[in-house]
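J.: Given chain A, put chain B in place with the hints provided.
Spelled out from the first residue to the last, the chains are:
2 protein chains.
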Amino acid sequence: MRKLIAAVDLGASKILTGVATAQGQILMREKFPTLKENGPDDIMDRISASISKLSVLCCNPDEQIVRVVVATPGPLSYPEGIVIGSPNLAWESVHLKYELSKRLNRRVIVDKDTNLAALGEYYFGQQGQPDSLLYITVSTGVGGGLILDKQIWRGHTGGAGEIGHMQVEPQGRLCNCGRHGCLEALASGTAISRTVKELLQQGKGIGILTMGNDKKDITAREVGEAARQGDYEAQMIVSKVIQYLGTAVANLVNIINPEIVVLGGGVALGWRDLLLEALNIYVKREVFTLNAENLKIEITKLGEDIVLYGCIATALRWMCQGDGSPDNVQV
Amino acid sequence: MRKLIAAVDLGASKILTGVATAQGQILMREKFPTLKENGPDDIMDRISASISKLSVLCCNPDEQIVRVVVATPGPLSYPEGIVIGSPNLAWESVHLKYELSKRLNRRVIVDKDTNLAALGEYYFGQQGQPDSLLYITVSTGVGGGLILDKQIWRGHTGGAGEIGHMQVEPQGRLCNCGRHGCLEALASGTAISRTVKELLQQGKGIGILTMGNDKKDITAREVGEAARQGDYEAQMIVSKVIQYLGTAVANLVNIINPEIVVLGGGVALGWRDLLLEALNIYVKREVFTLNAENLKIEITKLGEDIVLYGCIATALRWMCQGDGSPDNVQV
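So the sequences go chain by chain: A and B.
Residue numbering for the first sequence follows the working numbering, beginning at 56 and increasing consecutively.
Residue numbering for the second sequence follows the working numbering, beginning at 56 and increasing consecutively.
For reference, chain A alone in the conformation it holds in the complex (with noise of 0.2 Å):
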């Protein structure tokens, strides 16, 4: 019998499902919306067939799906797999762990959704194995994840990796977490997007709009372009937030001196010409030469696919015992 691995990427806008073999090879994906509206049950009805889906598409009859790992926002409670309160997808106290596994009938994982892209990234992302990595993404949200010695931390509640709640701009704009000026607040797509919006308030920022076809929502995508095409306040803008990506890296380069930083995320993917050779400049000279020492500062080379690999990637510990893996864990 051959063992296939079903991940689940499940975010606030769009959910992603993969079938892989144990070599970590993804043999067929689906992406469908969220509607997180439909509330968790419909969610969890829809995941569960898309994987029951994938499976019959890809198994042969010497193949069995046998482990299921699924990404969420935080905050979770873990190993529980329970969603505590997730203000991205509007969920209290979803047991997602119990529910999918009674669905599926397979035993299941649940860890949060940027704990898996880091592990994604440190597994599949690199060559050799870095002992630290620090992964940062930059999409509607800023969020990330700590790998230290080689292992996801967590923190001591599982709280630990809320890099867009570091404070970068004190007199900043408010953040949904109640302070001023966090790099989320300040560097996200949804930040960006109201940075926009706030110029044309002001009678500014016509070369953006009209990048965007004058269509109402502009988004970070046609703030790049127009930097790209000599946008005068759309490089501003681009500028600002390499500024605070640059902030917020440094201080972690300072105290945490990881081995490598990784940037995911719809943002930092898009963006990747205009910031990875801005930031690399901007954070080797405002750290400590010592913790600048073969620094590397990297966009991911995994893409969207980068939380499907973590979920793999956990996958393959799982199945590979004896490594810390949570066998043991039962739903």
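Just so you know, not all the hints are guaranteed correct.
Unchecked claim - Taking lysine-lysine pairs in the DSSO-like style, the calculated list, with each CA pair at most 30 Å apart, reads: (1) K351/A <-> K58/B; (2) K58/B <-> K86/B; (3) K205/B <-> K205/A; (4) K295/A <-> K295/B; (5) K69/B <-> K295/B.
Just so you know, the hints here were simulated from the structure itself, not pulled from any lab data.
Every value quoted in this text rests on a predicted model; they were computed, and no experiment measured them.
T.: Quick look at chain B alone, frame taken from chain A:
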């Protein structure tokens, strides 16, 4: 033969040496000025002489110092024990471990003072064994040490823990490290003295000046005393320091999610009554609910001996081989 331990806290202005039992009891200690202008050789000679003296005074015929652990300000090459380029000691490439081993004819471990302070707190300052502890020293400078999963987290190149160089005020005062508004530039003892000096230059801060008996260099001690006696300007200084420390600690709690945050160093110890409650309130208000769960924020009860206790803890781990102790590290 009863085994004893020698511990050395080599600071920029003073050196503390001590001899302790294998149960961690400090039998005798000595304190003398560093006189860093005399250079490394003289300092190492005097450390060596002090340990020899304490050894004669402490040791019965059936007792012997078997381990020597030295704490020094970073940056440091570990486990080689080479002080790379310490701004505090004004040392460049001093082979501290090798030189002291030669002088004492004993094997020596050298580690960063903040790492050792964190370890000292972990083993001797806490009931039980927390899974993670973040130590912050607020003294002449601001530094830190991380205990994650019961081990010192050193980072990729040994530079982890530079908590003093988190930027908490982007437009703030220039720091020695070259960045603006680092925690150290705003909340260290040196920074507090400088704030008073700036106030005095503006013809303000007279209440604080009186408290210092009109001496020239007003320290955090006088500012604290003035604040306790109701001086408004002193209270404002204290309140800003709490805000800066609170911002940094909140950022760290969101990112690392430690079980315990412990403050030490002269300013924290001297301002215990002014800082502790306010800092607890500030941080717990700023961070995520999950990260605030069970979070303890304390000021060390080990006082000035915290680094010596870290040296002792290291020596004990070294003596109990098999726990990742550095007993196989040859000079």
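J.: Has the given pair, K205/B with K205/A, been kept, meaning a C-alpha gap of at most 30 Å?
T.: 15 Å, holds
J.: Measure nothing beyond the straight line between the CA atoms of K69/B and K295/B; if it is 30 Å or shorter, mark the hint as holding.
T.: Holds. K69/B to K295/B sits at ~29 Å (cutoff 30 Å).
J.: Hey, K295/A versus K295/B, does the alpha-carbon distance stay inside 30 Å?
T.: Satisfied, since the Cα-Cα distance of roughly 26 Å is no more than 30 Å.
J.: Hinted pair, alpha-carbon criterion (30 Å max): K58/B, K86/B. Please report holds or violated.
T.: 23 Å, holds
J.: Straight-line Cα separation of K351/A and K58/B no greater than 30 Å?
T.: 45 Å, violated
Violated hints amount to a single one, hint 1; each of the other numbered hints is respected by the structure.
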